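Colleague: First to last, the protein sequences are chains S and W. Heads up: the first sequence begins at 1 in this note's numbering, then just goes up one per residue. Heads up: the second sequence begins at 1 in this note's numbering, then just goes up one per residue.
I should point out that these hints are in silico values taken from the structure, not numbers from a laboratory. The structure presented is a predicted model; accordingly, all values stated were derived computationally and were not measured. By construction, the Cβ of each residue, glycine as well, lies at the ideal position given by its N, Cα and C atoms. Be aware that one or more of the hints could be misleading.
[To be verified] Label pairs and their computed distance ranges (CB to CB):
# : chain 1 : residue 1 : chain 2 : residue 2 : range
1 : S       : Q143      : W       : M1        : 48 to 54 Å
2 : S       : W31       : W       : D22       : 23 to 29 Å
3 : W       : K47       : S       : V27       : 51 to 57 Å
4 : S       : V255      : W       : M1        : 44 to 50 Å
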Amino acid sequence: MTSILGFGAYLPARVVGHEELAAQLGVEAGWILQACGIRERRYAAADETVVDMAEKAARTCLARTGLEPSALGGLLVGTGTPQRQFPGVSADLQRRLGFQGLALDVHLASCGGLVALVLAAELASRLGPVLVVASEKMSEVVQRHPAKETTILFGDGAGACVVSPDRGFLEIQDWIASSDGTFAEDLCMDPGGPLVMNGRQVIMQANRKLTGAVRSLLARTGTPSGDIGLFLFHQANLNLLKQVAKTLGIGEDKVFVNLETRGNTSSASLLIAASEAQDQGRFRSGEAGLMAAFGSGFTCGALQFRTA
Amino acid sequence: MPTIESVRAILAELAQAPVPEDLDSSLFEAGVIDSFGVMDLVERLEKAFGIRIPDQDMVPRRFESISKIARYVDQHKGA
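Start from the sequences and build out the full structure, keeping to the hints where you can.
Modeller: Written out as structure tokens, the structure reads:
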């Protein structure tokens with residue numbers, strides 16, 4: 001039984017409120033809240049790197065799970081904002097943590113944390129405990145090419161979890177994931193270029209694919225949606241989360257939301273949310289839960305778990 | 001009921017602004033529906049006309065005006 005042993009997260013210190021961005025972008029502060037529901041987000045310091053944030057989240061997670069880095073058999077890092085083309089963030093993080101084993105990046109942006117997690121679930125039986133980290137410095141992207149549609153959304157941070165081949169905190173029951181390259185140009189970024197986001201297309205596909213993935217997974221595991229006690233989604237946009245909950249017919253009280261104060265941290269958002277949910281005791285023993293994410297390449301996936 | 005009138009009736013229930021008389025007016029520009037409202041529209045269309053709109057057809061331009069929506073529905077009804 002593959003399981004998640006625990007989560008960890010790191011958020012940089014600087015809080016950037018919606019009023020500050022409104023002044024920068026020349027928009028009404030209220031418009032930002034209406035458009036995405038994000039009051040504040042964190043920005044990393046100029047000299048604080050994606051690897052720095054990844055390491056802090058990783059060490060918090062390892063401390064929480066009681067594992068030494070030497071016990072790890074693998075490392076998967078989700079990021080859409082690596083510092084260089086190759087080797088990936090995972091190489092630097094592996095060096096800092098100091099362990100032997102496979103280390104690679106999952107270069108998917110928003111869905112990267114979830115995909116790294118499901119890949120770890122498959123690899124753990126061969127490699128042993130796999131550390132999953134997702135880290136993003138989105139502020140660098142949206143401040144390099146400020147645009148009101150994207151700059152209001154994003155923040156920085158990192159999340160982590162350990163996937164073990166043994167029983168543990170969250171037993172992974174099943175997962176589902178797929179990509180749709182048809183829409184590759186609707187959410188993309190060239191090296192050094194602006195973040196291109198066709199908002200309407202992204203919203204339409206995100207809602208359709210997220211709800212489709214959740215329904216498919218629940219059907220496959222034979223789980224009524226009412227039996228799911230906690231839904232953890234990629235924290236993309238508050239309006240999208242509400243629409244997804246409405247389409248699925250699930251109560252908003254079952255949907256974990258930290259978007260108002262964290263912003264959209266791309267691949268890191270799911271693991272940061274999970275870490276904060278663990279801090280808040282939202283995982284209840286014996287209860288089933290579900291994670292789901294959507295992102296560039298219109299990759300979408302869901303993972304079902306049960307809390308031990 | 002003709003498709004156009006059915007579409008107009010569905011839109012009237014979901015609309016956040018008056019539904020335009022002009023069949024070719026942009027529903028997005030007129031503020032009738034937004035990116036989130038279009039998801040409710042799609043669900044209502046699927047239910048009302050017994051169609052399944054596949055992911056590849058979930059693009060904003062297909063739902064931009066009453067005429068485009070009605071044309072799409074007519075092409076897929078009974079398919």
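Colleague: Could you run down the list of hints and mark each one as holding or not?
Modeller: Results of checking the hints against the structure:
1. S:Q143 x W:M1: 48 to 54 Å: 52 Å, holds
2. S:W31 x W:D22: 23 to 29 Å: Once the Cβ atoms are compared, 28 Å apart, the range 23 to 29 Å for D22 (chain W) and W31 (chain S) holds.
3. W:K47 x S:V27: 51 to 57 Å: 37 Å, violated
4. S:V255 x W:M1: 44 to 50 Å: 37 Å, violated
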